[in-house]
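Visitor: Turn these sequences into a full structure, and let the hints steer you where they fit.
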Amino acid sequence: VTHLNGLFLNIFDALSTQQMEETPDLTSPRRTIESFLNELKNNPAVSSEQWSKSTMAEHCGLGTTTFSKYCRELVNIGAMEYLNRCRLDSAARTLKQKAGKSITEIAFMCGFNTSQYFATCFRKRFGCTPNDYRQRNIAHAK
Numbered sequence: 017v018t019h020l021n022g023l024f025l026n027i028f029d030a031l032s033t034q035q036m037e038e039t040p041d042l043t044s045p046r047r048t049i050e051s052f053l054n055e056l057k058n059n060p061a062v063s064s065e066q067w068s069k070s071t072m073a074e075h076c077g078l079g080t081t082t083f084s085k086y087c088r089e090l091v092n093i094g095a096m097e098y099l100n101r102c103r104l105d106s107a108a109r110t111l112k113q114k115a116g117k118s119i120t121e122i123a124f125m126c127g128f129n130t131s132q133y134f135a136t137c138f139r140k141r142f143g144c145t146p147n148d149y150r151q152r153n154i155a156h157a158k
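First residue of the sequence shown: 17, per our numbering; consecutive thereafter.
Worth double-checking, as some hints may not be accurate.
As the list claims (entries may be wrong) - Using C-beta positions, here's what the derived DEER-type ranges look like:
#1 Ile93 <-> Gly143: 13 to 21 angstroms
#2 Glu74 <-> Asn26: 40 to 48 angstroms
#3 Lys85 <-> Asn26: 43 to 51 angstroms
Said to hold, decoys possible - Simulated crosslink set (DSSO-like; lysine-lysine; CA at most 30 angstroms straight-line):
#4 Lys140 <-> Lys69
#5 Lys140 <-> Lys85
#6 Lys140 <-> Lys112
#7 Lys114 <-> Lys57
#8 Lys57 <-> Lys69
Quick caveat, the hints were computed from the structure, so don't treat them as lab data.
Note that this is a predicted model, so its numbers are computed, not measured.
For each residue, glycine too, the CB sits at the ideal point set by N, CA and C.
Guide: Dropping the structure here:
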């Protein structure tokens with residue numbers, strides 16, 4: 017038993033003093049933000065959360081300025097605009113798939129605080145109201 021304890025202590029000491037080499041690609045701020053932005057795009061539950069630029073930066077473990085810089089480099093728009101775009105894309109999919117849900121319910125589900133703001137943003141992005149969008153896509157599906 018004493019020999020085993022000594023062996024474990026020697027292994028522990030060897031591992032403690034060993035230099036760990038980090039892989040820059042796995043720990044870079046750019047990679048962290050890229051992963052976060054993909055999560056916003058592909059996971060409606062994440063994009064519907066109440067984010068601000070500072071909470072997004074904090075989530076990525078970065079300052080707001082660094083976060084904003086990399087965000088612009090990766091998606092060519094600001095973080096909040098990208099978030100709204102993700103929310104609107106999610107809303108457009110939901111409008112097609114869930115005809116039983118009201119437009120207001122969809123707006124809230126996708127992270128918008130008011131249905132009026134949602135409708136304004138939606139019209140700007142898709143060139144029509146959410147209701148018109150739903151009607152066109154129901155007509156095309158038939």
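Visitor: A separate judgement is required for each hint: does it hold in the structure or not?
Guide: Outcome of the hint check:
About 18 angstroms separates the C-beta atoms of Ile93 and Gly143, a value consistent with the hinted range of 13 to 21 angstroms. Between Glu74 and Asn26 the C-beta distance comes to about 41 angstroms, which sits within the given range of 40 to 48 angstroms. Hint check: Lys85 to Asn26, Cβ distance near 47 angstroms, so the stated range 43 to 51 angstroms holds. Proposed proximity of Lys140 and Lys69 is supported: the alpha carbons are some 22 angstroms apart, at most 30 angstroms.
Between Lys140 and Lys85 the CA atoms are separated by roughly 25 angstroms; this keeps the pair inside 30 angstroms, and the hint holds. Between Lys140 and Lys112, the direct Cα distance comes to roughly 18 angstroms. Compliance with the 30 angstroms bound is thereby established for this hinted pair. The hinted pair formed by Lys114 and Lys57 meets the criterion: a straight-line CA distance of about 19 angstroms does not exceed 30 angstroms. A distance of roughly 16 angstroms separates the Cα atoms of Lys57 and Lys69; the hinted pair therefore holds under the 30 angstroms criterion.
The structure fails none of the hints (numbered hints given earlier).
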